[in-house]
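Novice: Here the structure of chain A is known, so what remains is to put chain B in place on it, guided by the hints.
There are 2 protein chains.
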Amino acid sequence: MEQIRTLTALLDYAKEVGPMKISVACAEDAEVMEAVEAARKAGVATAYLVGNADAIKAVTDKLGIDLANYDVVDEKGGEAAAALKAVELVSEGKAQIVMKGMVATANFLRGVLNKEKGLRTGATLSHVYIHEIDGYDRIFFISDPAFNTYPDIKGKVDITNNVVKLAHAFGVAMPKVAALAAVEVVNPDMPPTMDAALLTQMNRRGQIKGCLIDGPLALDNAVSPESAAHKGIKSEVAGYADILIVPNIESGNMLAKAIVYFAKNKTAGIVLGAKAPIVLTSRADSAEAKLLSIASAVALAAHQAKK
Amino acid sequence: MEQIRTLTALLDYAKEVGPMKISVACAEDAEVMEAVEAARKAGVATAYLVGNADAIKAVTDKLGIDLANYDVVDEKGGEAAAALKAVELVSEGKAQIVMKGMVATANFLRGVLNKEKGLRTGATLSHVYIHEIDGYDRIFFISDPAFNTYPDIKGKVDITNNVVKLAHAFGVAMPKVAALAAVEVVNPDMPPTMDAALLTQMNRRGQIKGCLIDGPLALDNAVSPESAAHKGIKSEVAGYADILIVPNIESGNMLAKAIVYFAKNKTAGIVLGAKAPIVLTSRADSAEAKLLSIASAVALAAHQAKK
Numbered sequence: 001m002e003q004i005r006t007l008t009a010l011l012d013y014a015k016e017v018g019p020m021k022i023s024v025a026c027a028e029d030a031e032v033m034e035a036v037e038a039a040r041k042a043g044v045a046t047a048y049l050v051g052n053a054d055a056i057k058a059v060t061d062k063l064g065i066d067l068a069n070y071d072v073v074d075e076k077g078g079e080a081a082a083a084l085k086a087v088e089l090v091s092e093g094k095a096q097i098v099m100k101g102m103v104a105t106a107n108f109l110r111g112v113l114n115k116e117k118g119l120r121t122g123a124t125l126s127h128v129y130i131h132e133i134d135g136y137d138r139i140f141f142i143s144d145p146a147f148n149t150y151p152d153i154k155g156k157v158d159i160t161n162n163v164v165k166l167a168h169a170f171g172v173a174m175p176k177v178a179a180l181a182a183v184e185v186v187n188p189d190m191p192p193t194m195d196a197a198l199l200t201q202m203n204r205r206g207q208i209k210g211c212l213i214d215g216p217l218a219l220d221n222a223v224s225p226e227s228a229a230h231k232g233i234k235s236e237v238a239g240y241a242d243i244l245i246v247p248n249i250e251s252g253n254m255l256a257k258a259i260v261y262f263a264k265n266k267t268a269g270i271v272l273g274a275k276a277p278i279v280l281t282s283r284a285d286s287a288e289a290k291l292l293s294i295a296s297a298v299a300l301a302a303h304q305a306k307k
Numbered sequence: 001m002e003q004i005r006t007l008t009a010l011l012d013y014a015k016e017v018g019p020m021k022i023s024v025a026c027a028e029d030a031e032v033m034e035a036v037e038a039a040r041k042a043g044v045a046t047a048y049l050v051g052n053a054d055a056i057k058a059v060t061d062k063l064g065i066d067l068a069n070y071d072v073v074d075e076k077g078g079e080a081a082a083a084l085k086a087v088e089l090v091s092e093g094k095a096q097i098v099m100k101g102m103v104a105t106a107n108f109l110r111g112v113l114n115k116e117k118g119l120r121t122g123a124t125l126s127h128v129y130i131h132e133i134d135g136y137d138r139i140f141f142i143s144d145p146a147f148n149t150y151p152d153i154k155g156k157v158d159i160t161n162n163v164v165k166l167a168h169a170f171g172v173a174m175p176k177v178a179a180l181a182a183v184e185v186v187n188p189d190m191p192p193t194m195d196a197a198l199l200t201q202m203n204r205r206g207q208i209k210g211c212l213i214d215g216p217l218a219l220d221n222a223v224s225p226e227s228a229a230h231k232g233i234k235s236e237v238a239g240y241a242d243i244l245i246v247p248n249i250e251s252g253n254m255l256a257k258a259i260v261y262f263a264k265n266k267t268a269g270i271v272l273g274a275k276a277p278i279v280l281t282s283r284a285d286s287a288e289a290k291l292l293s294i295a296s297a298v299a300l301a302a303h304q305a306k307k
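Chains as they are written, first to last, in my numbering: chain A, 1 to 307; chain B, 1 to 307.
Wrong hints could be hidden among the right ones.
As the list claims (entries may be wrong) - Among the chain B residues that face chain A by a calculated CB cut under 10 Å, a handful are:
#1 I133
#2 Y136
#3 A146
#4 N187
#5 M190
#6 P192
#7 V223
#8 H230
#9 K231
#10 L244
#11 V260
#12 K264
#13 A284
Unchecked claim - Mimicking DSSO-like on lysine-lysine, the simulated pairs with C-alpha atoms at most 27 Å apart in a straight line are:
#14 A:K231 <-> B:K264
#15 A:K264 <-> B:K231
#16 B:K21 <-> B:K41
#17 A:K62 <-> B:K231
#18 A:K165 <-> A:K209
#19 B:K62 <-> A:K231
#20 A:K264 <-> B:K264
To be clear, the hints were calculated from the coordinates, so they are not data collected in a lab.
Using N, Cα and C, we set each Cβ at its ideal position, and we do this for glycine too.
This is chain A alone, in the form it adopts within the complex:
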C-alpha cells in the first residue's frame, strides 16, 4: 500500500478497506452516537450498539439517527456488563473495533482486559495521537500522551511496538522513531535521555523490530533537518521522524495539545496494544477528530486482518 501522508488520505483509505464493524460499549451517549453515525455515513464503519436499549433509543431518536442501520444489543445489567458484552463481540470476531461510550474508563478497560472474554495480548495498552500538521509531508504519531503516566523502559518498549504496528497500518514500511528528551546527549542526570538511548540500542540489537529508532533527540532535532544539522547530529532518523516516543505523560500531553491548539492540524487518537483497536474519544475532541479516530482504528483493523 501507499504511505498515508494526510488524514484526508486516511479517511479515503478507511472507506476503501471499510466498512468495519464497531462494538460500542454503552452506546447511550449522544456525542459517541454522533461520531458513530458520521462514520457510518462516511462508509467507514457500522456498529453494534451495546447497552440499555431504551436509553440508546432515547438518544438516537433525539439525534434523528435511524436505529435500523445498527444492531442494538440490549444489556441492562449495568455498564460493566455492557462493556464486557461489547468486548466479547470483538473477541468472537463479530466486530473488529471496540469503542467506549457512556461508561467509566476503568469499567471499560476491565472489560477490555478481562482474562476470558477480553482482548489482552500481554502488551501494555497505550494511547497514540495521530497528527497531520501544516507544512509537514507526513503524519506524526505521538505516544504515549495520555495512558501511561511514567512508563519504565519495559513500558516504553511496548509503547513503541504498539505504535510501530500502527505506522505499518498507515503504510509507513520502516517508520523512523525519535525517542525524545530535552537534549540530544545522554545525560545521567536526565533519565529520559537514558531510556531513549536504551530504546535505540535495543532496536540495533533487533529487540524492537520493524522500525529505525534514534534517541535521545530533542523535538527540533527530530522533526527539522536544519536543526539536526545545526547540532551536528548524524542519524537517519533526526529531522525525519514519523513516530515521537515521549518520556512521560506531561511531555506527551503538552506536545500533542500544543499541536491541537496552536498549529494548523488534523488530529486523531486511539488506544493500542489490545487484540483490536480501541476508540476512546474525549468530549473535548472535535467531531472531525472523532471521525478520524474511528478511521485510524479501521486502518489498524484492516492491517491486523491481513496477518
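Specialist: Quick look at chain B alone, frame taken from chain A:
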C-alpha cells in the same frame, strides 16, 4: 503602559525605551555579532564587545560591521575572564543587559553568579520562551523549558516570580498563570499536579504576588475557554493564561519547540533571575528570534530601571 500583545509591538516598544547597552561576553562570534548589529540598526541596543579585540575585529571585518559603532573592551585573559569583565560592566551600571558570545555556558554563568562582581539576586536563574502564536490575542510566556531540569517547589516559586516580573515588563498588569500538568485534578500519583496545586495556594496566601495562579491545568484547559468549559473548570485563569509554568524540562522543551516548529509563531527567549536580563541565544535560533530576544531583554531592563 499598554499591554504588549505581539512581538512586533515588543520591537516597537524596545525602540521607544531603547537603545539599551548590552555587554557581550566573548563577542568574537559571528552569529552573536549579527544579532547585536541587527539590534543596533533597529535602534534597540548598542554594545560593549568584550573579548579578544583582534578576534572581534576579524569577525566584524568579515561581516562588514563597523566597530566605530561599538565599545570594544580588550580582554585576552581567556573566556572566563572575558565573561567576568562583561558581567562587571553591568554590575557597575555601564550596561543594562549581558549577552553570551563565544564562551561555554558554564563559564559564562560562573561570571554571572560571581559573588563579588556578578549579578546574583539569590533567586534561581530560569529560562523563558516568549511566543506570539497565530490565532491568539496575547503573548504566551513558557517557563522553564531549558534551564532548570526538575525544579522542586522552591525552584518553581522562583521560576514563577521571575516570569511574572517579565510579564509586568510587557505591560501585563496581573498576568494569569497556569501551573501545568497532564490533567486538571490533583493526583498524588502525578507529582506535577501537586506542585501546581501548591503554587496556586501559595498565590492565594500572598506568598507569590502580582499574578493570578491556577493549577493543575492541562494545556488545553489553560489556553482554550471552550476546553475549560467542557471540563467544567471554574477558574479566572483557565482558558486565558498568559504564563505557562511547566513541570519539568522535557514538557517545557517539547511544548516550546512544538510552538516554534509546528505553529505559525514568533519566538524569543531570555534568562531571568539575575539583576539584569541575560541574553543567551542558540545557534538554531532564527535571526528574528535573536533580535526579539534582545528586544525582550530591553523591555525587562526598562522595567527594572523604573523601580
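Novice: Hint by hint, say whether it matches the structure.
Specialist: Here's how the hints hold up against the structure:
A distance limit of 10 Å between C-beta atoms decides the matter here; for I133 of chain B the minimum to chain A is near 5 Å, and the interface restraint holds. Interface restraint check: Y136 of chain B against chain A, minimum CB-CB distance 8 Å, threshold 10 Å, status holds. The restraint placing A146 of chain B at the interface with chain A holds, with a minimum CB-CB distance near 8 Å, inside the 10 Å limit. For N187 of chain B, the interface hint holds, since its Cβ comes within 10 Å of a Cβ in chain A; the closest pair sits about 9 Å apart.
The beta carbon of M190 of chain B comes within 6 Å of a beta carbon in chain A, closer than 10 Å, and the hint placing it at the interface holds. Hint status for P192 of chain B: holds, given a least beta-carbon distance of 6 Å to chain A, under 10 Å. Hint status for V223 of chain B relative to chain A: holds, with the closest Cβ pair at about 6 Å, below 10 Å. A hinted interface residue such as H230 of chain B counts as satisfied when its beta carbon comes closer than 10 Å to some beta carbon of chain A; here the least separation is about 5 Å, so the hint holds.
Of the supplied interface hints, the one on K231 of chain B holds, with its beta-carbon coming within about 7 Å of a beta-carbon of chain A, less than 10 Å. Restraint check, L244 of chain B versus chain A: the minimum CB separation of about 9 Å is within 10 Å; hint holds. Taking 10 Å as the C-beta cut-off, the interface hint given for V260 of chain B holds, the closest approach to chain A being about 7 Å. A hinted interface residue such as K264 of chain B counts as satisfied when its beta carbon comes closer than 10 Å to some beta carbon of chain A; here the least separation is about 7 Å, so the hint holds.
Given hint, A284 of chain B at the interface with chain A, holds; its Cβ is 5 Å from that chain's nearest Cβ, closer than 10 Å. The hinted pair formed by K231 of chain A and K264 of chain B meets the criterion: a straight-line CA distance of about 23 Å does not exceed 27 Å. Straight-line distance between C-alpha atoms of K264 of chain A and K231 of chain B comes to about 23 Å, which keeps the hinted pair within the 27 Å bound. About 13 Å separates the Cα atoms of K21 of chain B and K41 of chain B, which keeps this hinted pair within 27 Å; it holds.
For the suggested pair K62 of chain A and K231 of chain B, the alpha carbons sit about 24 Å apart, so the restraint of at most 27 Å is met. Taking the CA atoms of K165 of chain A and K209 of chain A, the gap is about 10 Å. The hint holds against a cut of 27 Å. This hinted pair checks out: K62 of chain B and K231 of chain A have alpha carbons roughly 24 Å apart, not beyond 27 Å. Proposed proximity of K264 of chain A and K264 of chain B is supported: the alpha carbons are some 8 Å apart, at most 27 Å.
In this structure, every one of the numbered hints holds.
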